[in-house]
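Visitor: If you want the building blocks of each chain, they are given just below.
Number of protein chains: 2
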Amino acid sequence: MESAIPDHLRSARTRHRRVPDDYAPPYPSFVARHKPSTKRIVMAYFGLQFRGEPSGAAASALAQLDAALEQGSAPGHWDRARYTDQAGFANVISIAYWDSAQRFDNWFAASGAAWTADLHAGSGVGRFSEVLRPAVERYETLFSAPDRAEGIAVLAQGMSDMVQEHAYWGGARDRIPLAQTDDLAPKGAASIERVGSRLRIKPQHNLCLIRSGQDWSDTDAEERRMYREDVEPVLRRGMDFLRDEGLAIGCYSNRYMTVLDRHGKQVEKSFGMSWWKSLAALERWAESHPTHVAIFGAAMQYLSKLGPAARLKLYHEVTVAAADEQFFEYLDCHDRTGMLSAG
Amino acid sequence: MESAIPDHLRSARTRHRRVPDDYAPPYPSFVARHKPSTKRIVMAYFGLQFRGEPSGAAASALAQLDAALEQGSAPGHWDRARYTDQAGFANVISIAYWDSAQRFDNWFAASGAAWTADLHAGSGVGRFSEVLRPAVERYETLFSAPDRAEGIAVLAQGMSDMVQEHAYWGGARDRIPLAQTDDLAPKGAASIERVGSRLRIKPQHNLCLIRSGQDWSDTDAEERRMYREDVEPVLRRGMDFLRDEGLAIGCYSNRYMTVLDRHGKQVEKSFGMSWWKSLAALERWAESHPTHVAIFGAAMQYLSKLGPAARLKLYHEVTVAAADEQFFEYLDCHDRTGMLSAG
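Residue numbers (numbering that gives the first Met the number 0), protein chains in the order written: chain A, 0 to 342; chain B, 0 to 342.
Fair warning: there could be bad hints in the mix.
Which copy is meant is left open, so a pair is good if it fits within one copy or across any two.
[Unchecked claim] Heads up, simulated EDC-like pairs for lysine to aspartate or glutamate below, C-alpha to C-alpha not over 16 Å straight-line:
1. Lys304 to Glu222
2. Lys264 to Asp20
3. Lys186 to Asp20
4. Lys34 to Glu267
5. Lys304 to Asp117
6. Lys312 to Asp182
7. Lys186 to Asp334
8. Lys276 to Asp21
9. Lys264 to Asp21
10. Lys304 to Asp331
11. Lys186 to Asp21
12. Lys38 to Glu136
13. Lys264 to Glu221
14. Lys304 to Glu52
15. Lys276 to Asp20
16. Lys276 to Asp239
I should point out that these hints are in silico values taken from the structure, not numbers from a laboratory.
For reference, chain A alone in the conformation it holds in the complex (with noise of 0.2 Å):
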């Protein structure tokens, strides 16, 4: 068992862990390790949005979306994936990682700021850039099992051996390198700006981020029927909740997804991704809010029934994002999508 957080990283803490020393989690858990080289990361979602099928011009923007994906200084790995939002839109979100930033750089500059360029105004879809570049010192991962990467771990060098902080409420908060010292308090509000035809974000520092997907790809059937019914209708109550009411404590926008393949299909796979005022905001929800302690209970029922016989693999990945780490842009989106909630 070795700590989330790896050598190259450890500070003296100023803030303590949640956990004594000799904590034993009950159940193995992992994280992605990064070389470390690796400075500062970045995580872009590209998100197109429109009413019902694509049209004609959703699709073509895929298209090319598709084929910049691929050039220069491509992503290391992206994904694609969809969900209806809670004003009836169809949003189709690629959420590409790189690892580093100068590469991402020079990537957006020759082919993703053209994502959201003017010219494509009034097209009928609209558009959005969310992009986050943290220092590796300002987030986290996590995995119920070290065979299948997802999203920034994908880029890792590896998975780490068993990691003692998680399972416990504040895990999170302690495998952040940064929290080390660091209470990752918010400041300052953000606000929305007009460049051009686009709408801006100016942001607020130590925005977090989460997302936070599960993998039934695996699953025999009955452990597929405990998923679908137990597990998932619960899980949808508190997505539903953070889209629908979030904002009151702390969350701008949820989105709760379904992973799509290359031709568009959906896959086995769902990850709700969700934009915080705070670590903390997201800390209480989750520890304390009825929607998350039911999905928390219907988790730890299927896996205490299951034990290590469960096939479905859970990830989630934590960013508390400094103000200048940011950036945020949307072309004729509705004015509930992302961060234009919290403007």
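Could you slot chain B onto chain A? The hints should help.
Guide: Just chain B now, with coordinates in the frame of chain A:
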């Protein structure tokens, strides 16, 4: 709203609270406030153990204790409760509180030490004394309503205003004054020594005690039905788990007790009291074990259905005792009684 830690016990934190300064709990809770001159309190559990219904010996022991509890430097408050333990013995425990160690010492020398005196050996009933005398820096209380003191709070000057540090995991630790600067980690291991006919515990540093109770005497018919059918069975399963399987997770002993009136009749109050290796072990069970997650989920559902109309009263007191603040003696008790499990 105020801090759970009173001004005169506040110190420069070297260990941070889990919540930011602007945290607002979702519902009100209150803590007991002692006079600043109160430096140390005493919580004394005097147990009687027998099979079946009380014999003449048991009844006369209780009558003697009743008298003792009114004599000399008598406790400021005491109550009595009963439960059947894992070995099938009935245990009637009288719990007495003082807010002065000196007064307790006077009383104990004159009237208390006799409870487990060797002369009672072989009487056919077991007796035990479990006494903590914590400095006020070493315990905390929490109440769902400010008008129903229980336990040590009956001796307090009054209740606080609504406090900030509650309704999140880790709140108990954040309310304990000593936790501002101390990790409250356990040191050493408890062991058993024989003193005459008695078994005495050589204590372990930073042993943890929780008494956590509920009072449904004010509930109307529908709320009472909800408590009895939706909450109590889940609570009982958690209490049974701790009683029967707690040792593996650091719970030496758990008693799920029903409060008795002065005539030995059950009233509509119950509480769990348990001895733990550490506050950390209690925290881990509370926040992640399926049995307590289920209790928490049931309580959340109950309270969110009823809102401020709920008449159920909840309270607890949690103490982390130094080695020299503990006294345990067992006479003619079975070998899994209380802290004998730890030896």
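Visitor: Determine for every hint whether it applies to the structure shown.
Guide: Each hint, compared with the structure:
no. : hint             : verdict
1   : Lys304 to Glu222 : within (10 Å within a copy, 31 Å between copies)
2   : Lys264 to Asp20  : neither (46 Å within a copy, 46 Å between copies)
3   : Lys186 to Asp20  : between (32 Å within a copy, 13 Å between copies)
4   : Lys34 to Glu267  : neither (30 Å within a copy, 61 Å between copies)
5   : Lys304 to Asp117 : neither (53 Å within a copy, 49 Å between copies)
6   : Lys312 to Asp182 : neither (31 Å within a copy, 34 Å between copies)
7   : Lys186 to Asp334 : neither (23 Å within a copy, 57 Å between copies)
8   : Lys276 to Asp21  : between (33 Å within a copy, 13 Å between copies)
9   : Lys264 to Asp21  : neither (46 Å within a copy, 45 Å between copies)
10  : Lys304 to Asp331 : neither (47 Å within a copy, 41 Å between copies)
11  : Lys186 to Asp21  : between (35 Å within a copy, 12 Å between copies)
12  : Lys38 to Glu136  : within (8 Å within a copy, 44 Å between copies)
13  : Lys264 to Glu221 : neither (24 Å within a copy, 49 Å between copies)
14  : Lys304 to Glu52  : neither (40 Å within a copy, 40 Å between copies)
15  : Lys276 to Asp20  : between (31 Å within a copy, 15 Å between copies)
16  : Lys276 to Asp239 : neither (18 Å within a copy, 41 Å between copies)
The structure fails to meet hints 2, 4, 5, 6, 7, 9, 10, 13, 14, 16 from the earlier list, while all remaining hints are met.
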